[in-house]
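Generate the whole structure from the sequences, applying the supplied hints.
Just so you know, the protein sequences line up as chains A and B, in that order. Under the working numbering, think of the first position of the first sequence as 1, with each following residue one higher. Under the working numbering, think of the first position of the second sequence as 1, with each following residue one higher.
Treat each hint with caution, since some may be false.
Because identical chains share one entry, a pair is satisfied inside a single copy or across any pair of copies.
What the hints assert, rightly or not - Here are the computed lysine-lysine pairs in the DSSO-like style, where the Cα-Cα straight-line distance is at most 27 Å: (1) Lys34 to Lys148; (2) Lys55 to Lys126; (3) Lys9 to Lys55; (4) Lys101 to Lys15; (5) Lys42 to Lys161; (6) Lys23 to Lys148; (7) Lys34 to Lys129; (8) Lys166 to Lys126; (9) Lys166 to Lys148; (10) Lys148 to Lys126; (11) Lys55 to Lys98; (12) Lys49 to Lys34; (13) Lys129 to Lys15; (14) Lys9 to Lys98; (15) Lys98 to Lys23; (16) Lys49 to Lys15; (17) Lys55 to Lys23; (18) Lys42 to Lys55; (19) Lys34 to Lys23.
No lab work stands behind these hints, which were simulated from the structure alone.
There are 2 protein chains.
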Amino acid sequence: MNRPQPVEKMIEVIKRLPGVGPKMAERLSYHILKMSHVEVGKLIGSIQKARQVMKCCNICYNLSEYNPCPICSDVARTRGTICIVETPQDLIAVSRVKNYKGLYFVLGGALSPLDAVGPDDIRVDKLIKRLKNSSVDEVIIATDTDSKGEITAVYLADIIKRLGIKVTRLGYGLPVGGDIEYADEVTISRAIAGRTEM
Amino acid sequence: MNRPQPVEKMIEVIKRLPGVGPKMAERLSYHILKMSHVEVGKLIGSIQKARQVMKCCNICYNLSEYNPCPICSDVARTRGTICIVETPQDLIAVSRVKNYKGLYFVLGGALSPLDAVGPDDIRVDKLIKRLKNSSVDEVIIATDTDSKGEITAVYLADIIKRLGIKVTRLGYGLPVGGDIEYADEVTISRAIAGRTEM
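Right, here's the structure in full:
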């Protein structure tokens, strides 16, 4: 006997999620089939709700319930500094550091020549447009410290410097090869204090 | 900035799935937020469809689109042998073996005194009732070979033997394609006990 077709289909779809292998997808599928109606309702409801209410901020491209997001509409923040991150998760990690009072820009990924991810696949154009239309003194590049993040940082630094804007990179208090999302607050704070001009 | 509440809620719900930790739940949630409408529709649709059409067979408690399931309604199968498994996934694994032509019974778990899972939490009553109401000659116990599966096998064997039915357990030994070097002592010991003449 093979697996029934609807279960096979569910496993197929769940398997496409990141970090989920075939065995994990099977386990999750059979678990979902065993869950109560209330639990499944909560699972599907929370996904639908989040998809419905979460918006992409038109200024920084952060995910938020509001557009512009609370950070961009916070008048107490320094308008002259923008911190560039790869993902909304990275933005949250950096924003936990209380001594950074500037704004952000979410690229939505990193350059990756091997995966054919070029400048057109992340928000390079939108970043340049924003920098041209506002009086920014300094851009802090806070992409991941893996090879993709490094390539992206070098690429962006080159473009931004040509606009006459000071470009800095988070200091290497960060472990090289690491993921900003998983860095602790103290490490990120040290990295901000030790940022270097590119 | 903390994570927006709807994202937090989604992570909270996804974290409850088996084998999904907090970091994995966060990664999945942000991935789902980035997925296209079509992809999210497929994910939710496949779950809802499977939940809707999959039924629990009234005879063997296997999950199937039909009730009774195709195995129980297959007249070509031997009615006198029943193979007991813990889960529908186990049933599918056993049913891939072409030379087993008997029927099945899905317990829906295994006894686990430490987790307070007793005979009332798995389908022991339903199994006894079925065995009493049909002419079964042999029951093959195919529960897992971990401690929970072993406890369950011993418990069931004791009850079923009292009904005058022959009880067998899947043979122990080395897995085919395995490496003796990595086999544990208990498995090797069982394999020696169950050695066959060449």
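Hint by hint, here is what the structure shows:
Taking identical chains as interchangeable, the C-alpha atoms of lysine 34 and lysine 148 lie at most 27 Å apart only when they sit on different chains, with a minimum of 20 Å there against 41 Å within one chain. Taking the shortest Cα distances, lysine 55 and lysine 126 sit within 27 Å of each other inside one copy (17 Å), while across copies they are farther apart (51 Å). Within a single copy, lysine 9 and lysine 55 get their C-alpha atoms only as close as 30 Å, which misses the 27 Å cut-off; across copies the closest is 16 Å, which meets it. For a Cα distance limit of 27 Å, the shortest separation of lysine 101 from lysine 15 qualifies neither inside one copy, at 40 Å, nor across copies, at 32 Å.
Taking CA atoms no more than 27 Å apart as the test, lysine 42 paired with lysine 161 passes in neither setting, with 48 Å inside one copy and 44 Å between copies. Proximity of lysine 23 and lysine 148 under a CA criterion of 27 Å is satisfied inter-copy only: 21 Å between copies versus 29 Å inside one chain copy. In this assembly of identical chains, lysine 34 and lysine 129 lie within 27 Å of each other by CA distance solely across copies; the values are 23 Å between and 51 Å within a copy. With identical chains, the CA atoms of lysine 166 and lysine 126 are at most 27 Å apart within one copy only, with a shortest distance of 18 Å there and 74 Å across copies.
Taking the closest pair of Cα atoms, lysine 166 and lysine 148 come within 27 Å of each other only inside a single copy of the chain (22 Å); across copies the shortest separation is 63 Å, beyond that limit. In this assembly of identical chains, the alpha carbons of lysine 148 and lysine 126 lie at most 27 Å apart only when taken from the same copy (20 Å versus 58 Å across copies). For a Cα distance limit of 27 Å, the shortest separation of lysine 55 from lysine 98 inside one copy, 24 Å, qualifies, whereas the shortest one across copies, 53 Å, does not. In this assembly of identical chains, lysine 49 and lysine 34 lie within 27 Å of each other by CA distance both inside one copy and across copies; the values are 23 Å within and 14 Å between.
Neither within a single protomer nor between protomers do lysine 129 and lysine 15 lie at most 27 Å apart by alpha-carbon distance, with minima of 38 Å and 39 Å respectively. When the C-alpha separation of lysine 9 and lysine 98 is checked against a cutoff of 27 Å, the pair qualifies only between copies, where the shortest distance is 24 Å, while the shortest distance within a copy is 46 Å. Proximity of lysine 98 to lysine 23 under the C-alpha cut-off of 27 Å is restricted to the inter-copy arrangement: shortest distance 23 Å between copies versus 42 Å within a copy. For the homomeric pair lysine 49 and lysine 15, the shortest alpha-carbon distances inside one copy (23 Å) and between copies (17 Å) are both at most 27 Å.
In this assembly of identical chains, the alpha carbons of lysine 55 and lysine 23 lie at most 27 Å apart only when taken from different copies (22 Å versus 34 Å within one copy). With identical chains, the CA atoms of lysine 42 and lysine 55 are at most 27 Å apart both within one copy (21 Å) and between copies (21 Å). With identical chains, the CA atoms of lysine 34 and lysine 23 are at most 27 Å apart both within one copy (17 Å) and between copies (24 Å).
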